[in-house]
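J.: Chains as they are written, first to last, in the numbering used here: chain Y, 185 to 415; chain E, 185 to 415.
I should point out that these hints are in silico values taken from the structure, not numbers from a laboratory.
Fair warning: there could be bad hints in the mix.
Simulated crosslink set (BS3-like; lysine-lysine; CA at most 27 Å straight-line) [what the hints assert, rightly or not]:
id: 1; chain 1: E; residue 1: K310; chain 2: E; residue 2: K375
id: 2; chain 1: E; residue 1: K275; chain 2: E; residue 2: K314
id: 3; chain 1: E; residue 1: K275; chain 2: Y; residue 2: K310
id: 4; chain 1: E; residue 1: K275; chain 2: Y; residue 2: K275
id: 5; chain 1: E; residue 1: K308; chain 2: Y; residue 2: K275
id: 6; chain 1: Y; residue 1: K275; chain 2: Y; residue 2: K308
id: 7; chain 1: E; residue 1: K353; chain 2: Y; residue 2: K286
id: 8; chain 1: E; residue 1: K310; chain 2: Y; residue 2: K275
id: 9; chain 1: Y; residue 1: K375; chain 2: Y; residue 2: K201
id: 10; chain 1: Y; residue 1: K186; chain 2: Y; residue 2: K353
id: 11; chain 1: E; residue 1: K286; chain 2: E; residue 2: K201
id: 12; chain 1: E; residue 1: K414; chain 2: E; residue 2: K201
id: 13; chain 1: Y; residue 1: K375; chain 2: Y; residue 2: K186
id: 14; chain 1: E; residue 1: K405; chain 2: E; residue 2: K375
id: 15; chain 1: Y; residue 1: K314; chain 2: Y; residue 2: K375
id: 16; chain 1: E; residue 1: K405; chain 2: Y; residue 2: K308
id: 17; chain 1: Y; residue 1: K314; chain 2: E; residue 2: K286
id: 18; chain 1: E; residue 1: K314; chain 2: Y; residue 2: K286
id: 19; chain 1: E; residue 1: K308; chain 2: Y; residue 2: K286
id: 20; chain 1: E; residue 1: K414; chain 2: E; residue 2: K375
id: 21; chain 1: Y; residue 1: K286; chain 2: Y; residue 2: K201
id: 22; chain 1: Y; residue 1: K308; chain 2: E; residue 2: K286
id: 23; chain 1: Y; residue 1: K275; chain 2: E; residue 2: K375
id: 24; chain 1: Y; residue 1: K275; chain 2: Y; residue 2: K414
id: 25; chain 1: Y; residue 1: K286; chain 2: E; residue 2: K275
id: 26; chain 1: Y; residue 1: K310; chain 2: Y; residue 2: K201
id: 27; chain 1: Y; residue 1: K353; chain 2: E; residue 2: K286
id: 28; chain 1: E; residue 1: K201; chain 2: E; residue 2: K310
id: 29; chain 1: Y; residue 1: K314; chain 2: E; residue 2: K275
id: 30; chain 1: Y; residue 1: K275; chain 2: E; residue 2: K314
For each label pair, taking beta carbons as the anchor points, the in silico distance ranges come out as [unchecked claim]:
id: 31; chain 1: E; residue 1: Y288; chain 2: Y; residue 2: D189; range: 54 to 64 Å
id: 32; chain 1: E; residue 1: K314; chain 2: Y; residue 2: Y187; range: 50 to 60 Å
id: 33; chain 1: E; residue 1: E357; chain 2: Y; residue 2: W294; range: 13 to 23 Å
Each residue gets a CB set at the ideal place from its N, CA and C atoms; glycine is no exception.
2 protein chains.
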Amino acid sequence: MKYYDEWRHVFKLDPNKEIDDDALALVCESGTDAVIVGGTDGVTLDRTLSLLARVRRFPVTCALEVSTLSAVTPGFDHYLIPAVMNSTDVKWFVGKHHEAVKVYGELIDWEEVLVEGYCVLNDKAKVAQKTTANTALTTEDVLAYARLADKMYRFPFFYLEYSGVLGSKALVEQVREVLTETKLIYGGGIKTAAEAAAFAAYADVVVVGNAIYEQLEEALKTVEAVRAQKA
Amino acid sequence: MKYYDEWRHVFKLDPNKEIDDDALALVCESGTDAVIVGGTDGVTLDRTLSLLARVRRFPVTCALEVSTLSAVTPGFDHYLIPAVMNSTDVKWFVGKHHEAVKVYGELIDWEEVLVEGYCVLNDKAKVAQKTTANTALTTEDVLAYARLADKMYRFPFFYLEYSGVLGSKALVEQVREVLTETKLIYGGGIKTAAEAAAFAAYADVVVVGNAIYEQLEEALKTVEAVRAQKA
Numbered sequence: 185m186k187y188y189d190e191w192r193h194v195f196k197l198d199p200n201k202e203i204d205d206d207a208l209a210l211v212c213e214s215g216t217d218a219v220i221v222g223g224t225d226g227v228t229l230d231r232t233l234s235l236l237a238r239v240r241r242f243p244v245t246c247a248l249e250v251s252t253l254s255a256v257t258p259g260f261d262h263y264l265i266p267a268v269m270n271s272t273d274v275k276w277f278v279g280k281h282h283e284a285v286k287v288y289g290e291l292i293d294w295e296e297v298l299v300e301g302y303c304v305l306n307d308k309a310k311v312a313q314k315t316t317a318n319t320a321l322t323t324e325d326v327l328a329y330a331r332l333a334d335k336m337y338r339f340p341f342f343y344l345e346y347s348g349v350l351g352s353k354a355l356v357e358q359v360r361e362v363l364t365e366t367k368l369i370y371g372g373g374i375k376t377a378a379e380a381a382a383f384a385a386y387a388d389v390v391v392v393g394n395a396i397y398e399q400l401e402e403a404l405k406t407v408e409a410v411r412a413q414k415a
Numbered sequence: 185m186k187y188y189d190e191w192r193h194v195f196k197l198d199p200n201k202e203i204d205d206d207a208l209a210l211v212c213e214s215g216t217d218a219v220i221v222g223g224t225d226g227v228t229l230d231r232t233l234s235l236l237a238r239v240r241r242f243p244v245t246c247a248l249e250v251s252t253l254s255a256v257t258p259g260f261d262h263y264l265i266p267a268v269m270n271s272t273d274v275k276w277f278v279g280k281h282h283e284a285v286k287v288y289g290e291l292i293d294w295e296e297v298l299v300e301g302y303c304v305l306n307d308k309a310k311v312a313q314k315t316t317a318n319t320a321l322t323t324e325d326v327l328a329y330a331r332l333a334d335k336m337y338r339f340p341f342f343y344l345e346y347s348g349v350l351g352s353k354a355l356v357e358q359v360r361e362v363l364t365e366t367k368l369i370y371g372g373g374i375k376t377a378a379e380a381a382a383f384a385a386y387a388d389v390v391v392v393g394n395a396i397y398e399q400l401e402e403a404l405k406t407v408e409a410v411r412a413q414k415a
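Using the sequences and the accompanying hints, generate a full structural model.
T.: Here it is as structure tokens:
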């Protein structure tokens, strides 16, 4: 099992989407570094527990990306906590986290917690609307968020999130250049091995999500494509 | 010169207040661990530079607590960056910082930067009004902010700010108990050696500010009072 700072490829499973046992087995046995359970809508405790139980049959690292407090459960290897850096509402950067820690503070095993400084870039995505993110960002804006994540907040991850569409490879490259400790996650629109390889050239971690549900065979090829690519 | 994580007592000088050379010498030669230059109103580059030049005659650690971007200048040993955790406006937790890093990102020596997770508790204070802080906090609220500062944001400092009034020693004690890496700064209303000692029993760092201008002789006694007190 790789430590998070060596992850290169992860699959993201949405609790709000159906996946049959055969497909799930292929995902979990694909050689990916981790399976992340996370979504924006319809994330319930039942659906989260169901995916947890099903993924746990396989010896793959399993992380929960927390979006809904009521759907959090013990049993995952890691808990990824998004902090939306370009949200216009303090709730998505510190408010929700404060509520959670207020209730569960004493119970949290912080060794399992990994904060993701999110920079949400697709204004059409549900996550951008839900978090009222300011997606009208220049390259300098994004680089400044990256530096803050790295140096001021010392987050383990900075997450460039284009959810659903392919982002700018040039921007990913520039962001990677300013990060020193924080690892760069790229997510959004990757459906083919070639696309995965292209983003893996600059991002530390490439997320493949929707493609699992839309073209599984090609999605599975992204694992090897990312591995073959030097970051 | 002590490293910041060994600080116990600091004096805070307000660029917007007058202090004569004799008084300044007494402050700088008092044995305090650091002199911090910082205020809320009327902080200009001229006033900041003037204090910097005057404090620099003495071999005391000198830090700038950044409140106004236009008043930042090289020459200090440390730059303390407040991030107001209980502000209702994202500007005071990430927005201003983003602006600053966007402009100066490449020039910043991050080794000199120390972030303070502020928890503003006196609703009558200028800082509370300026940052639209939600000061109606329960003990659990404050403890949750402390945990976030320590574990999620990994800030070097958590700052309980009562500016102008004496705070709750019981709360300071409880906050100290939940912090593991982050150092606890207490500031507000300390005018006497006895008050300083009482708060130094729980806070890692005790800030003495207004008393410098109101009753200097007593203020100077806080240095030894804090030193004599085990944290």
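J.: Now, for every hint given, state plainly whether the structure supports it.
T.: Hint check results:
1. E:K310 - E:K375: 19 Å, holds
2. E:K275 - E:K314: With a Cα-Cα distance of about 11 Å, the restraint between E:K275 and E:K314 holds, given a limit of 27 Å.
3. E:K275 - Y:K310: Satisfied, since the Cα-Cα distance of roughly 23 Å is no more than 27 Å.
4. E:K275 - Y:K275: Satisfied, since the Cα-Cα distance of roughly 12 Å is no more than 27 Å.
5. E:K308 - Y:K275: Distance of about 24 Å is within 27 Å: holds.
6. Y:K275 - Y:K308: 20 Å, holds
7. E:K353 - Y:K286: 21 Å, holds
8. E:K310 - Y:K275: 23 Å, holds
9. Y:K375 - Y:K201: 17 Å, holds
10. Y:K186 - Y:K353: 26 Å, holds
11. E:K286 - E:K201: The hint is violated at about 31 Å.
12. E:K414 - E:K201: 32 Å, violated
13. Y:K375 - Y:K186: Holds, at about 24 Å.
14. E:K405 - E:K375: Roughly 10 Å between the alpha carbons, so the hint for E:K405 and E:K375 holds.
15. Y:K314 - Y:K375: At roughly 24 Å apart (the allowed maximum being 27 Å), Y:K375 and Y:K314 satisfy the hint.
16. E:K405 - Y:K308: 60 Å, violated
17. Y:K314 - E:K286: 25 Å, holds
18. E:K314 - Y:K286: 25 Å, holds
19. E:K308 - Y:K286: The hint holds at about 25 Å.
20. E:K414 - E:K375: 19 Å, holds
21. Y:K286 - Y:K201: Answer violated: Y:K286 to Y:K201 is near 31 Å, above 27 Å.
22. Y:K308 - E:K286: OK: Y:K308 and E:K286 at ~25 Å, within 27 Å.
23. Y:K275 - E:K375: 37 Å, violated
24. Y:K275 - Y:K414: Cα-Cα ~37 Å, so violated.
25. Y:K286 - E:K275: Holds, because 23 Å separates the two Cα atoms, which is no more than 27 Å.
26. Y:K310 - Y:K201: 15 Å, holds
27. Y:K353 - E:K286: Holds - the C-alpha atoms of E:K286 and Y:K353 are around 21 Å apart, at most 27 Å.
28. E:K201 - E:K310: 15 Å, holds
29. Y:K314 - E:K275: 19 Å, holds
30. Y:K275 - E:K314: 19 Å, holds
31. E:Y288 - Y:D189: 54 to 64 Å: The hint (54 to 64 Å, Cβ to Cβ) is violated, given that E:Y288 and Y:D189 are roughly 28 Å apart.
32. E:K314 - Y:Y187: 50 to 60 Å: Hint violated: Cβ distance 42 Å, outside 50 to 60 Å.
33. E:E357 - Y:W294: 13 to 23 Å: 22 Å, holds
In summary, the structure is inconsistent with hints 11, 12, 16, 21, 23, 24, 31, 32 from the numbered list given earlier, while agreeing with the others.
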